[in-house]
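Taken in sequence, the protein lines are chains A and B.
For what it's worth, the working numbering labels the leading residue of the first sequence as 1, then goes sequentially.
For what it's worth, the working numbering labels the leading residue of the second sequence as 1, then goes sequentially.
Incorrect hints may have been included.
Which residues of chain A face chain B? A few of them, derived with a C-beta cut under 8 Å, are [unchecked claim]: (1) L71; (2) F77; (3) H102; (4) Y164; (5) Q233; (6) K240; (7) R436; (8) Q439.
Bear in mind the hints are in silico, worked out from the structure with no lab data behind them.
Heads up, the beta-carbon is just placed ideally off N, CA and C, and yes, glycines get one too.
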Amino acid sequence: MHDTPDIADRHDAVCVIGAGGSGLAAIKNLREHGFAVDCYERETSVGGAWNWRHDRSPMYAGTHLISSRPLTEFPDFPMPDDWPDYPHHSQMLSYLERYAKHFDLGAQIWFGTEVVAVTPVGDGRWDVTTRSTGGGSSRIQRYAAVIVANGHNWAPKPLVVDGYDGFRGQVIHSSAYQDPQQLRGRKVLVVGGGNTGCDIAVEAAQQASTVWHSTRRGYWYAPKYVFGRPVDQVNDLLLKWRLPLRLRQWLIQRTVRLTVGDLTRYGLPEPDHRPYESHPIVNSQLVYYLGHGRITPVADVARFDGGTVELRDGSRIDPDLVITATGYLPRFEFLEPELLDIDDDGRPDLHLHAFARRHPTLAVVGLVQADAGLFPLAHWQSVAVARWLRLRATDPVRAAAVQQKESVRPVRSWARQHTVPSTRHWFEVSHTSYLRALQSLLAELEPA
Amino acid sequence: MKSDLLRFDDWTSPVPPVRREVLQAMPAADEDLPPLLFVPGLGHGAWAFAEHWLAQAASRGFPAHALSPRAHGDFRAYAHDLVQVAASLPRQVVLVGHGAGALIVARALARYPARAAVLVAPVLDGWTTLGAALRANFFGTLPAVFGAPLRFSRRQLFSADLPVAEADAYRERLRPAGAKAQRQLVTHGSVARPVGNPPVLVVGSPDDRVVPRASLDRTAARYGGAPLLFPGMGHDLMLDAGWVEPIDAILDWLTKELATARAA
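Model the full structure from these sequences, guided by the hints.
Right, here's the structure in full:
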């Protein structure tokens, strides 16, 4: 491949795409391992999804954590211990801003700069084309490795139903929901039984005149607290004791039965899967408002018809605002799909959901969904990537041996095998199994 | 050494928050130097650094803070408090631990990537230190073996250069530590490796009657160096008569380390 003279060669530097929580962890850990880092961020500040000022941020005024503080913070930079169990999104932003300042990451970040293309040059190196978000000419720079940390909660998954275009009411995706003001006095249909759908249904119950909550299947609704402790901390006690999955499923079923009770009594469908087979729904208030008649559970949406919505069971409702909490799809517009082995459904196939299988110098950080917060996983992912790149540079023979060994690591050891069929559960992991897999990888990557 | 990715203790029973006592001395102008965070050993509080060292560090441009270990706690809680204070400061911190405070620092280093660390008269070899303490102050140490508060003699902590009245005034200010922390000081296992590979300096005195010379060498070797020695001083280097020499040497070392890192 010939060299084009206008490409600035950054030699051993690594390119990080995105300065949200995952990107910041990547910059910090790469620098700790001695790499020069250039990070490109399309927005003008850090925080990614947690920064409500960003136009791609899914935050709404009342967003709080779903996982509790100790299971959400970076393992090497704890949140203040006098913060609540479930901090508000504004606290998360200030946490990420303090992290960036504390480790002096700002100087490595090019704000207002979008990555438009990342192409392999052949020898494991990459040409990264960037452009100022405000427009202007593009620029190409060559890097030794690329770490993608562009987040996976910004490209809304569209709701596909008949009659969508002709619907007379207002339809917004949950990412466009920002403030309870939008709900006040209206007849609201919330579509989707994920954590966002449940949270918005609860907010609507406090503001709207009528609330319907449409879910495709029955879920296990875990309360945020059981036995006076945050539920994920109690769950981790079961994981600490290494109870077998079946026993944990039974215990969770018993606990939910005893504390939350029989959900079919409120008109919700029976769960069609066992606990731990889908992303956990943690919501204490949904059942409360169901019990107060403020939320009416309804079946899946069949089609929109003028001013009404027809449901799968044939009944009709007439909302004037539909909020689709259908989740998000990961998107990597700047990469050719085969670089990440992206299939027809848009799912990348990555080793440990992080390492590109055919490109040793390309990795994605933060593309996992766990029964705990994301930052601890993103932290250790980026440590593993940094150590991998370091070993590859210093000891190629041993790096090849590690690669060989990793290629036979069974997928079931780190990925959830039994999840409900849905476009948003494929990257679900158990944080303990996943971290154990990363721990053994880190041990292999240890400098000799 | 294994790195611990699975932290069930922190995930299932987080250390309860407390109000922490932090004393500080700030430089006249911000010279963009990393903050120093001092932590004392058993019995002492942040005051031990506020006597001389904080002001000395601040006079040389370093923001200086000192944390008192919580009243009722063990080393897990002490290290938690240290990391909490470190993370609350605006820049990556240099941790300085004295005596058993060095063990707090060593444990915190496994959790927090410090800019650098200094272990002053470090009590990291629990059994060796216990042996030395029994030899130097048998009747003050023996009850502690059975859970009573540890008592230090004047000659364990200070050299003869410090006036007796001053030495006794300092000893008056010592507060007994909990039995659990005292026990852990001896029985704790090996300390996990620091994260982020910070430079570590070991400082001590060959005439320290709490930490024997061999123990200083061992601790320094564990962090890949040799100890910086200040003959003639007692265990409490920050309070003893010659306090200015060790802190100046620490700051010189730090200045050099920072310059090396900047050049790299």
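Consistency of the hints with the structure:
no., hint, result
1, L71, "holds (5 Å)"
2, F77, "holds (5 Å)"
3, H102, "holds (6 Å)"
4, Y164, "violated (43 Å)"
5, Q233, "holds (5 Å)"
6, K240, "holds (4 Å)"
7, R436, "holds (7 Å)"
8, Q439, "holds (4 Å)"
Consistency note: the structure conflicts with earlier hint 4 alone.
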